[in-house]
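J.: The residues making up each chain are set out below.
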Amino acid sequence: MKGFFQYLAPFAPDYSGAAAVLYEMGGLAVLCDPGGCSGNVCGYDEPRFYGGSGALLSAALRDLDAILGKDGALQRKVLGAAAQGGYAFTALIGTPVSSVIGMDLRALCRSIERETGRTAFEVNTDGIGLYDQGQRKAYLQLIRRLGAVGTDAQDAAIGVLGATPLDTLGLLPPEQVRAHYGPSAFLYGDPCTVERLGNLAGVRENRVVSPSGLAAAREMEAQFGIRYQTDFPRCAAFDRAAERLSGRKGARILILHQQMAANALREQLEAEGHADVTVGTWFLLDKDCAREGDLSFADEDAFIDAVQAFDAVVADPLYARALERFAGAFVLLEHFAVSGDLYI
Amino acid sequence: MTQPAQTTVQELLAREPLRAGARTQGCHLHFNGPGAAGFGVKRAAMLLPESAMLLVAPSCCGRHGTITGNKTGFDERIFYLQMDERDVVTGAYLRRIPEAAALAAKRAHPKALILCMTCVDALLGTDIDRVAREAERACGVPVTGCFMDPIARESKNAPMVSVQQAVMRFLLPAKTDPGQVNLLGNFAPLEAESELPRLLKQAGISRIGQLSACRSFAEYQALARARLNVVVHPQAAASAKDLERRLGIPFVEISHTHGVERTAEQMDALGRSLGKALDFAADAARAKEALSAFAARHAGLRIAVGEAVNGNPFEIAETLLEAGLEVPFVLRNLLSRQDLPILRRLAALRPDLPVYSGVHPSMQGAPLPPADVALGLDAGYFLPKASSVCWNMERQPFGFSGLTALLSEIEACIAHPLPHREQMHGSYLVV
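Respectively, the protein sequence lines represent chains R and B. Just so you know, we're using my numbering here: the first sequence kicks off at 1 and counts up by one. Just so you know, we're using my numbering here: the second sequence kicks off at 345 and counts up by one.
Next up, chain R with everything else stripped away, as it sits in the complex (with noise of 0.2 Å):
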């Protein structure tokens, strides 16, 4: 049925992806939320929230402020919150409820950075989409707003985008991304200079580590020719993987993660022998990135379905509890836009 999930739980919202690309670059990032949807932001999907200095804050929305469209009241309330904390930028950041009541967060970021002098964008993000949907939204805002490039992008570092922790924690540390980029890689999300923030195209090349970040880096190409690759490290949480499937040489195997994991994990196994390797996702799939085959899910009863006929699944432990009349072998790979901190 439609929208029906018994088994798997709600994944990270798109508004988690929008706050995990912008929370630590030095902006006011609002959730244009009551409370509850910052909650999962901060409760749940921002590991770096615990003592982190991100601004990251909910516009308190109350049901008279929706009825009655009291936009200017939310306008005041940023405005005193980026006097307070001199940020580079603000951002407003969609919901459900500033989608339903239909708020002009583009309008008021035009009004916003009239009064503070400052950039400020909106995120069309809305609770409905995913995290990677969100995040795709912020980078390609942050590109169009804070992207000029002003520097001989020869000399510049590597861009290395979709590499939040919604992403890769659980597979990689962030210190792991940067060691593998090198020490000046940019990953983008990462605290950032003024000359950087008026200036995030100044990348010599990007590499793309989630689908989340192709939008971006293909609009990076066309506008100012910096090319891009998409990649992801090795990493031991892959190795893990590979050594539990080594006994398995000729079974047909499926691998759930974002597609760009999940492409480098099948890569691996390729290149250890397995033949038949299929990656699945919930998240988006991009068509260029992707081979004949692969498996695009948003409906419950069609994924348990489609697993049935593979004979080892790598996924994260949260999955388990829909694959009840999988007789295949399970294998690990935690991904923490589905289960946070669960298995972490």
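Keep in mind that the hints were calculated from the coordinates and are not lab data. No experiment lies behind these values; they were computed from the predicted model shown. Take the hints with a grain of salt, since some may be wrong.
Partial pick of chain B residues on the chain R-facing surface, computed with a CB cut under 7 Å [claimed, not checked]: (1) L373; (2) G406; (3) L425; (4) A444; (5) I495; (6) E498; (7) C558; (8) R559; (9) Y772.
Derived list of chain B stretches under chain R, where covered just means 3 residues or more per stretch with a C-beta under 8 Å from a C-beta of chain R [what the hints assert, rightly or not]: (10) 446 to 457; (11) 460 to 467; (12) 677 to 688.
Ideal Cβ positions, reconstructed from N, Cα and C, are used throughout, including at glycine.
Knowing the structure of chain R, use the given hints to seat chain B on it.
T.: Frame of chain R; chain B shown alone:
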């Protein structure tokens, strides 16, 4: 470093008119700090044994259930009907709810199903009662609705009010048992050390019904036999009114206080409701002695009082100040009806007592007055050097023993401090 927005008890009282629902620091964006958390609608609903929940919402609204559901074990009883953009525009998801309810009933075999909707349906004006009736016809078990809509958090139909009404709505009329009263508003069973059962025996009460102590739907149904509902948290008052209207069970609101005299007043009020004066003199004397001894042992101890506590933070501060202890500050965002008389008394004790809002943006990394003990996990987050004391709805002390339990907990946390983050992970709170 930015100074945190602050006011004092005296300044609050100088505001004219000072009303319940007023914000201590005015209108501002919220910092949802770790520790500024509550029990949560889903967990509160899942206290009903042998029940299931169907959450009809955008996927994001169920996210915290993914984590807390797994940690507390209710994930097996919660089902999701997720809506997409088209659903929100057309309302098509409403037609799928009966089928989803039937599927949930088929899988979980619940004795009752709670249909939970969110801000989206609250704003769209969905007739939740009608939807629940249609779901009931489809799934064959009683269905009732509640809202998990933080957008109504400051209204009289706040989510934690709505869910407590919902879970008691399945009670059917039953013959009154003169030897039973219920406690409403607590999410954990009354602690074994409480003198309440012993005191109630004086009034012929041998059974104390509590939702959180029920192990089966049949035990839950026995709650309908109570002669009196004792409301120990204001959020359960609406539920008590429902039960009075529907089942004829009267109710009395008894505050969970910590001060000995105030607790005595509450016990007197409870006795009056039962028609029998309760003799609690020995319990009150023990509590008074325990507080004096604690104050003597810990002269000069500075205890900051957070908002995420089981009790009224101002009343707890008053109790500590009366005993001669130091209270560097209290955290409070919204003033409640119960706060106003306490503030007037506090003005006599410590008019310059600082009051901060734990959700004010300026609290992040702010320099706060130093404290030795942080009571409540919200205060604990802001005071990393203090001994953090988790004193929330995960446990339910009550009466004079509530004070002694609090003092024991403070001493235990001073002697064996637990890292705040570890306490957070162990508390399953919903941020």
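J.: So, against the hints stated earlier in the document, which numbers end up violated here?
T.: Violated hints (numbers, rising): 7, 8, 9, 12; every other hint is consistent with the structure.
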